[in-house]
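Peer 1: For reference, the chains in residue letters:
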Amino acid sequence: MNDRVPLALSVEDLTVAYHSKPAIWDIDLGVPEGVLMAIVGPNGAGKSTLIKAVLNLIPRAAGTVSFYGSPYEQARSLVGYVPQRGSVDWDFPTSVLDVVTMGLYGKLGWLRRPGRRERDLALFALNQVGLLDLVDRQISQLSGGQQQRTFLARALVQDAQIYFMDEPFAAVDAITERAIVKILHQLKERGKTVLVVHHDLQTVEDYFDWVTLLNVEVVASGPAAEVFTSGNLQKTYGGRVSYLHDGQVLAAGD
Amino acid sequence: MMVLERWLIELLLNFVAREEINAFLRSPQHTATIIGCLIAVSGALLGTFLLLRGMALTSDAISHTVLLGIVVAFLLMTDVFGMAGDTSSPWLILGASLAGVGTVVLTELLYRSGLLRQDAALGLAFPLLFAIAVILVSRFAEDVHLDEDAVLVGEIGLAWANTNSHCFDNCVTVTINPDHPQAKMARQCRNCRELGISPRDEGAEFVEICSNCGSYSPAQAWQAGYLQEEPVLVFFPKSITVTLIMTALSLLFVLVFYKELKLTTFDSALAKALGFRPGVMNYALMILVSLVAVGAFDAVGSILVIAFFIIPPAAAYLLSDRLAIMLLLGPLIGAGGAFFGYDLARGKFFGIIEVGDIIAGVNSISGLDLLETWDSSISASMVLMIFSIFTLAWVFSPRYGLISTMIRRASQSRRFDDQVVLAHIHNHQFTDRHSTELRVETLHIHFRWTAPKMGRVLARLRALGFVAVVDGFAELTERGETQVHAFRSAMLEAHNMPDID
Chain A
1 MNDRVPLALS VEDLTVAYHS KPAIWDIDLG VPEGVLMAIV GPNGAGKSTL IKAVLNLIPR
61 AAGTVSFYGS PYEQARSLVG YVPQRGSVDW DFPTSVLDVV TMGLYGKLGW LRRPGRRERD
121 LALFALNQVG LLDLVDRQIS QLSGGQQQRT FLARALVQDA QIYFMDEPFA AVDAITERAI
181 VKILHQLKER GKTVLVVHHD LQTVEDYFDW VTLLNVEVVA SGPAAEVFTS GNLQKTYGGR
241 VSYLHDGQVL AAGD
Chain B
255 MMVLERWLIE LLLNFVAREE INAFLRSPQH TATIIGCLIA VSGALLGTFL LLRGMALTSD
315 AISHTVLLGI VVAFLLMTDV FGMAGDTSSP WLILGASLAG VGTVVLTELL YRSGLLRQDA
375 ALGLAFPLLF AIAVILVSRF AEDVHLDEDA VLVGEIGLAW ANTNSHCFDN CVTVTINPDH
435 PQAKMARQCR NCRELGISPR DEGAEFVEIC SNCGSYSPAQ AWQAGYLQEE PVLVFFPKSI
495 TVTLIMTALS LLFVLVFYKE LKLTTFDSAL AKALGFRPGV MNYALMILVS LVAVGAFDAV
555 GSILVIAFFI IPPAAAYLLS DRLAIMLLLG PLIGAGGAFF GYDLARGKFF GIIEVGDIIA
615 GVNSISGLDL LETWDSSISA SMVLMIFSIF TLAWVFSPRY GLISTMIRRA SQSRRFDDQV
675 VLAHIHNHQF TDRHSTELRV ETLHIHFRWT APKMGRVLAR LRALGFVAVV DGFAELTERG
735 ETQVHAFRSA MLEAHNMPDI D
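Residue numbers (the working numbering), protein chains in the order written: chain A, 1 to 254; chain B, 255 to 755.
It is possible that some hints are incorrect.
Said to hold, decoys possible - Pairs of lysine-lysine, DSBU-like flavour, derived with a Cα cap of 30 Å:
no.	chain 1	residue 1	chain 2	residue 2
1	B	K438	A	K107
2	A	K21	B	K513
3	B	K526	A	K182
4	A	K107	B	K526
5	A	K235	A	K21
6	A	K182	A	K107
7	B	K513	B	K526
8	A	K235	A	K107
9	A	K188	B	K526
10	B	K492	B	K602
In case anyone wonders, no lab produced these hints; they're calculated from the structure.
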């Protein structure tokens, strides 16, 4: 790894098991500060599990995780999380602005209520993702892409150092995809580190500069140019990836 | 509890006379309505979060298993610690809330074993605890008023009679001992039963027994006629105090932890990541649900209390899409139902229609001889009224009601019909099949529609100026052409935004 840049995230020997069947196995991962990293792998490879275990949302069977050298409990304010869109009930009686404001609850702590300052921060983030027109919209009336952008705005207001996004590109429209990519690059320019669970192999090299290939174990991790090779993809997906003659990925089977 | 009641009465005495308070609370209607409204308010506040967490049935389970807590605490109090068995003791309430939490823990353990689904685990845990409670009641506590009737529907109509008395003036506590002039002394045979003889027989030995000795509170002393001057008393129904405390606790909980409850309910993963404790919030909610369930137990029974938890929030959910408004509407709906529910139990529907008149009408038409007086369970009538309000919301809610949904669907399907016909004309206009495809008389056959339906759609499209009929053939006007392009591009855009939910 690189000695000049501090490690934003360091994972050592992380194992998570569901009913003694390992979902991820002995993960070692060092993510330098300021990279846009795609976590890529077939279904059931443990991509979401890795993120959830790193954030202490599910119990770890073994291993340690540190953010800038500190355990998660002391680094909460450094971490932003965008869960999968389907993980919440979008019929919940609340507005877009309210959902985005939830990102600030961590800074507010117990009992303190959001006020004008929080409202302004949320509006600023909604402007960044292009949802300023839908501020008061009931969240069940959003399209899939708008829901995803709401979640993204919620993570942006957290003003974290390292972001974890679980499939933000899943089933979104082209406008949303471009908006997310733009924001990813803005985050990188501001020195943030972003880890994204990603499915579309064709766009990996365009969107990300760092890649981790995962299939229960880490197959390879590093700069996209070095790691995202047909050989490594074969190892990750088995024989289920086909290529065009120039090495471009055509399709990845599930 | 006594302190709270006294404080409350003193507050009231600033505004109304003592006699008025007593007269007001002695009315079964007033006391039942107050208790019903209080249960409805606390139930709806907590029920809103149960409903949004998909835990409606958990309130069902808890409201049953609190019985186990009540029984175990009662047996511990009377048999182990030798205290008097008071069914409104704080120990019973503590026992009940522990049983409520126990239900949730047991369900979690069964579910975490990975061998059962969540609903099955719940359905397994609470009948078990309830069955243990029933066995304990029938085996050890038969003389307590924990009978089936109380468990089913409660005794809200009798709540006015179970009071604490508070004395404000002329408060004399009377102690009668055998030397007191008003002591009632009687001779009782000491050895009659032992020897099997009658008190008249020789050899019977007697002891002096005082039949009214003991200490009397001012209220009891006045009633027994030991006082010359009437003490100034206020009688306060115990159930009002209990339900008032439950409502205050629920309100405080929701107000103080509004932000935390909202976050843990909507997105517990984010809540956990941000350092809030969804598990702690969940158990706090369950403890309060247990408290309200046990507080309501006396009044409405353990089965009907679920209605107070679930129906008002469900109605509020149909009427609003903001959590804060839901939390306002739910208690209002519940309290309204409780208020009109008492009337229904006494034969009045919303205070305007007499149920007796309806039955009389049915009798005169059908010749049946139904009983015309209507006097039914108060708590069940309250639930019925709450449900009536829910039905109104379900049918008439402006955005999510049955009628507005039907109107919206009908207009969508009309618009869809219009678009299909417009697209058909657009596709075949100026083609060589134009003469077969676009003849107005036969157009409906191509769609396998009835002729009247096609007639209606064409009439509408002509009225909108999208379609013209020339020589018996349909063709698009310029406006119609624009319309086709508009909805086509809208449709293509929608395809790029698939919704996977």
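Peer 1: Decide, hint by hint, whether the structure agrees.
Peer 2: Each hint tested on the structure:
1. With a CA separation close to 73 Å, the supplied pair K438(B) and K107(A) exceeds the 30 Å bound.
2. The hinted pair formed by K21(A) and K513(B) fails the criterion: a straight-line CA distance of about 37 Å is larger than 30 Å.
3. A hinted pair counts as satisfied when its Cα atoms are at most 30 Å apart, and K526(B) with K182(A) qualifies at roughly 28 Å.
4. Restraint check: the Cα-Cα separation between K107(A) and K526(B) comes to about 13 Å, which is no more than 30 Å; the hinted pair holds.
5. A distance of roughly 21 Å separates the Cα atoms of K235(A) and K21(A); the hinted pair therefore holds under the 30 Å criterion.
6. For a cut-off of 30 Å, the pair hint linking K182(A) to K107(A) stands: about 26 Å separates their Cα positions.
7. Taking the CA atoms of K513(B) and K526(B), the gap is near 14 Å; set against the 30 Å cutoff, the hint holds.
8. Between K235(A) and K107(A), the direct Cα distance comes to roughly 42 Å. Violation of the 30 Å bound is thereby established for this hinted pair.
9. Distance restraint check for K188(A) and K526(B): the Cα-Cα separation of roughly 26 Å lies within the 30 Å cut-off, and the hinted pair is therefore satisfied.
10. The hinted pair formed by K492(B) and K602(B) meets the criterion: a straight-line CA distance of about 27 Å does not exceed 30 Å.
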